[in-house]
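Join the two chains into one complex using the hints; note that each chain is given alone, in its own frame.
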Amino acid sequence: MLRKGIALAALGLAILAAPAAQAAGGALPPKDVAFSFEGPFGKFDQAELQRGYKVYREVCSACHSMNLMYFRNLGQKGGPFYDPKYKNPNDNPYVKSIAKDYQIKDIDSETGDVIDRPGTSADKFPSPFPNEAAARASNGGAYPPDLSVMAKARHHGPQYIYSLLTGYKNPPAGLKVGTGQHYNPYMAGDVTAAWTGPHDKVPPGGFIAMAPPLAAGQVSFDDGTKSTIEQQSKDVAAFIAWASEPKMEERKAFGLAAMIYLFIFAGLLYASYRKIWKNVAH
Amino acid sequence: MSGHSNYEPKTGIERWLDTRLPVVRLAYDSMIDFPTPKNLNYWWTFGGILAVCLGIQLVTGIVLAMHYVPHVDHAFASVERIMRDVNYGWLIRYMHANGASMFFIAVYIHMFRGLYYGSYKAPREVLWILGCVIYLLMMATAFMGYVLPWGQMSFHGAVVITNLFGALPVVGEAITTWLWGGFAVDNPTLNRFFSLHFLLPFMIAGVVGLHIWALHVPGNNNPTGVNVKSKEDTVPFHPYYTVKDGFAIVVFLIMFATFVFYNPNALGHADNYIPGNPLVTPAHIVPEWYFLPFYAILRAVPDKLGGVLLMFGAIAVLFVLPWLDTSKVRSMRYRPTAKLYFFIFLLACLVLGYCGGQLPDDHVIPHLSTFKLLDADLNSFVWLSRIATLYYFAYFLVILPVLGLTETPLPLPESISEPVLSHPANAPAGAAASPEKRG
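Chains as they are written, first to last, in this note's numbering: chain A, 1 to 282; chain B, 1 to 439.
Chain B on its own, in the form it takes in the complex (with noise of 0.2 Å):
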């Protein structure tokens, strides 16, 4: 896509074709002869797992609504129905489903990818942010389509997620009745939101486009963070990455499978097995997994309003990250102090999914009750969530734009080959290895 290309038209139609239309070339370029570093490690091969993903979801989803029936009345019915009597049915309706949770843990993988390595430094900020789109939207499609079977967590779900937008002052209510097309969660909401889940998914696509068209101008970030210095450094994509991604993503798809096969219902709720009712609340209303670490942050602040826009700047803080770490060193391989706030922030992230499934106010040790602070018991998981969103929220706001002034990071290597020869296991035979180095 950028670059010298070594594209060399073989046949005449090709030759044809490259002069009006290079498609070929671009295919050639971008997935064949692209130089890839040599060093990448498996968390690079998540990337190739999305796609896989989103394809899946693509190809089942459309089948899906092709059975599928966007009606109040008939949705949940009609759903059991694809399940029952369409021909393997249950299969790609269970790939759908629990698709879309896969989605999700291949792109929580590929993030924190990203946040470890130092993929969103310069010159790869647009890409980042592309990704934060395509994050975005994903967030959005995942929520409509868990709306469209129209069982309990489905209708009460899209009750307090539409309700959320009321909080806006002014305009709130205006643009709730707008969302729902109505006064109420109802038929016009359940029509709109399929037809926007079928919409969604096709402009992820195109922004994936963008995404990898973003990748291939600066080229793949790597471990070590050190930019490609020569073609020593690189690997024409394939077959190196072409075999390496491909087995990393059959690996995938064995755990997508024992999910499928064995385990259908295991990631989501058993409650959307009751048909909605608006007239019955369910006892606890939780969203997906996916979504409970937002939804911890939502709950943490006491004000509806503040909730509401502290979760959502949970997402918008990521589109300024580029901006937000100071320091120069992409790689927290080499930044030892970095790298213990980025594993606290991933247990922050963890443990604010662990209580965005928990009732506020339940103690988060059994049976010890320590003092009220402000509006809860101290011991109780929506202190914990307020400390866990203090600590995601200093993360980008204050440790990173502060520890790359303060930190000092361990010496980079000149290239990234360097530290590949230098490896015990490539050294030369004979050679003496210093005991006091590891690795």
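So that you can see chain A by itself, here it is in the shape it has in the complex (with noise of 0.2 Å):
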């Protein structure tokens, strides 16, 4: 009895020292935005993907680029301008003629010159800068990332990019912000060296080279939803969770068969097993 006693006192001590262990300061925890993909059932929201895209393409491409999205993708089964209609989203005029818009630098197959042609269905999202060097040079030394895989490369990738695009505040008085530099609670980072207020009272976040990029009205909704910085925010961080897990719908779908399935086999088996032990002691 003592001996259970005992080790039944050090897993309580573990279980109350684990939560106690967060790590004190850093970024805040993001935003409990909800958004319609989430959970075992949750589907992307066609309509709000549209949006995301727009505010994508009229904002967030002038400085960031999709290097592993091509233009097919936003006509695939669950992509945002998919049409049952055209199967192959190559065919998809409205992803043709979205593609048709830019121009792709190309080499002409009969001279070899560089030449810019309008784009296919097949091309990737051009990238805004040549090179990295360019895209620096361009952002005061800062080189904006790829969005392609954003929303996995954070932790609760959808909800950080919300709450990023929606929490610049105004640095606290105290905090010198260096040129260039915003302050951002939602940013990781560490600005204990920028802080001239008392040390047990640093505030969370970072900085971050990126100026706040929406405005409200901003980007006008053809579906009429009304444009103010949230709504922009929370649409573009769905349309970069689709972009990141572009077949998570098709994953569940195929997950809730494969449970069922899974569930079915397993009850089988144990009143197999039930029935052929029967006759043992054990």
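It is worth saying that the hints were derived from the structure and are not from the lab.
Being a predicted model, the structure only gives us computed values, none of them experimental.
Be aware that a few hints might be false.
[Claimed, not checked] Each pair of labels, with its calculated beta carbon distance range:
no. : chain 1 : residue 1 : chain 2 : residue 2 : range
1   : B       : T370      : A       : P198      : 22 to 30 Å
2   : A       : E250      : B       : L17       : 43 to 51 Å
3   : B       : V170      : A       : A133      : 40 to 48 Å
4   : B       : N187      : A       : F263      : 41 to 49 Å
5   : B       : L196      : A       : I260      : 35 to 43 Å
6   : B       : L210      : A       : D106      : 52 to 60 Å
7   : B       : L346      : A       : F263      : 25 to 33 Å
8   : A       : P198      : B       : V133      : 53 to 61 Å
9   : A       : I107      : B       : I315      : 31 to 39 Å
10  : A       : I260      : B       : Y7        : 56 to 64 Å
11  : B       : I387      : A       : D123      : 56 to 64 Å
[Said to hold, decoys possible] Now the stretches of chain A that chain B is said to cover, found in silico as 3 or more residues with beta-carbon under 8 Å:
no. : segment
12  : 149-163
13  : 241-252
[Claimed, not checked] Not everything, but these chain A residues come out facing chain B in the computed CB check (under 8 Å):
no. : residue
14  : P40
15  : L68
16  : I208
17  : A258
18  : I260
19  : F263
20  : W277
Glycine included, every Cβ here is placed at the ideal spot set by N, Cα and C.
Below is the structure:
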């Protein structure tokens, strides 16, 4: 009994210590915004993806590349412009017309000259800058990260993106913000070095080179949705979540079938097990 | 594989084959007729579960290798291409990535089961050592596999782990250069890791064959630890354990599928979706969860070489365990004192795993500074790791050797059947139950 008591006490201590170990300081936890694609049955909202793509295209894409995305992706199953009439997304006229608006660098196969030609659905999203040095030169030395898998590259990706975009705040008094820098409590980092206030009251978050990118009414939504900063942020976060995991809906649908199969199989095996072992004392 | 064979070829072709290459006899003796103790509990199903894990990793891995590009400029994008453009590529890749974690969950349960029930003791020492070899090969394979997507954690994890060999005196630098195939972790490193990551699983499969062979000579241990005495103690492997293992395997697969389909990235680190960049070091470099206890042991020692030696020592000590434990009683069911120390050992391993994921200097209990001992505050993860590390080694090097000589074990049952038959659930109707005894 005593032994059990000691073991239990030790276990209890370990459990108590666990939540206490959260690191102090750092960025604020992301805002708890609900998305349609959460949970085992969650799906992307196509209208939201269309709005989100528009925000990316009109605002983000000025600086941020999406190197893993092709225009055809926009028309594939589950994508913002999927149309069941066009099973092959390359045939989707809407996708084709979006691609055509871009000029893509290519080599003329006759002359070998570098040319610009209109994009096709098989082309990648073009990068805003020809290379990293050019991107840094245009952005005060900072390199805008590629957004293709951004929702997977941060903890609580979609919530993080939403929080970062809506979370810009005037720096608290006592915080020195360098030129070309902006204070954001949701940005990872440590502002202790720039803080002149009391040591135990270091503000959360970090500095980010990106100026607040969104403004109310900056993107006009074709479906009449009111274009607030929150709406734009949520929509673009959903779009990036889709771009990061374009097969999420297929995955969850497959998962449901797999689960039903596995549960039935487990039940049958358990019944067989009971039957086979019925007459064995064990 | 050993002992008397009850196989009787029934058809002409079986008779013909049996006198030339008795593979059907081998399969019959080891998977159908094999006498297995009838009292094995669900902790014994993890051997079968591990075989399934290895199979899944091999099949998914071979398909992934058809699409993966082992080059520093293309590896990251090729993995994403698998997830986006290859038919069911997302399924194959998520099964493989989560499969590694599932493999380790199963192997840890399998190992702790062996520790608890004394499955490493005579005559199963070689069986245990082969298991340790498999575990070592698994760790090497998993580490090299994690490098292949060439994300930030892949790259910097590879830098940290390969640099460990640099701590060895005299030959350290030459060994790291040789491992890297150059003067830094770069394309040659990725290429050889890919090659070895493809090779090692087949070596694991080979050692698994030996492991099963070594199992089938003395036969299974069992929860009582008492040897099989008569035919009454056993049942044939098929259908009794095929169906029990089968049920356990499917339950395990349900847990596996929950991760693959609904939370595929929960066990990984978000930073590994950032392409590897030698010029940007992540804020915290942490290995995958299954290496965290060893990472904690590594960091518990202030000296780099000492840490490396202790980390490898933590695995090396497992190899000699059969000769460290002096107790003749296998199962801890009958060793109440040892049982207590075992559960503290289990706790120490979990604590080490937890510490491995934290910053060494962070406080265990927040906002409480105690006093500085040597190089760190006593209320820090580095000190918690040190205490747990001390217990880890003390368990093998002091507790198990001494306990076997000093403790008084409970009386052992005469045979496997005895405690089974004396169980109240199996008592003949009308027999008076003794109220002072439970079970």
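Against the structure, the hints:
{"no.": "1", "hint": "B/T370 - A/P198: 22 to 30 Å", "verdict": "holds (23 Å)"}
{"no.": "2", "hint": "A/E250 - B/L17: 43 to 51 Å", "verdict": "holds (46 Å)"}
{"no.": "3", "hint": "B/V170 - A/A133: 40 to 48 Å", "verdict": "holds (43 Å)"}
{"no.": "4", "hint": "B/N187 - A/F263: 41 to 49 Å", "verdict": "holds (46 Å)"}
{"no.": "5", "hint": "B/L196 - A/I260: 35 to 43 Å", "verdict": "holds (39 Å)"}
{"no.": "6", "hint": "B/L210 - A/D106: 52 to 60 Å", "verdict": "holds (58 Å)"}
{"no.": "7", "hint": "B/L346 - A/F263: 25 to 33 Å", "verdict": "holds (30 Å)"}
{"no.": "8", "hint": "A/P198 - B/V133: 53 to 61 Å", "verdict": "holds (57 Å)"}
{"no.": "9", "hint": "A/I107 - B/I315: 31 to 39 Å", "verdict": "violated (55 Å)"}
{"no.": "10", "hint": "A/I260 - B/Y7: 56 to 64 Å", "verdict": "violated (39 Å)"}
{"no.": "11", "hint": "B/I387 - A/D123: 56 to 64 Å", "verdict": "holds (59 Å)"}
{"no.": "12", "hint": "149-163", "verdict": "holds (count 6)"}
{"no.": "13", "hint": "241-252", "verdict": "holds (count 6)"}
{"no.": "14", "hint": "P40", "verdict": "holds (5 Å)"}
{"no.": "15", "hint": "L68", "verdict": "holds (5 Å)"}
{"no.": "16", "hint": "I208", "verdict": "violated (15 Å)"}
{"no.": "17", "hint": "A258", "verdict": "holds (5 Å)"}
{"no.": "18", "hint": "I260", "verdict": "violated (11 Å)"}
{"no.": "19", "hint": "F263", "verdict": "holds (7 Å)"}
{"no.": "20", "hint": "W277", "verdict": "holds (7 Å)"}
In terms of the numbered hints stated before, the structure departs from hints 9, 10, 16 and 18, listed from lowest to highest.
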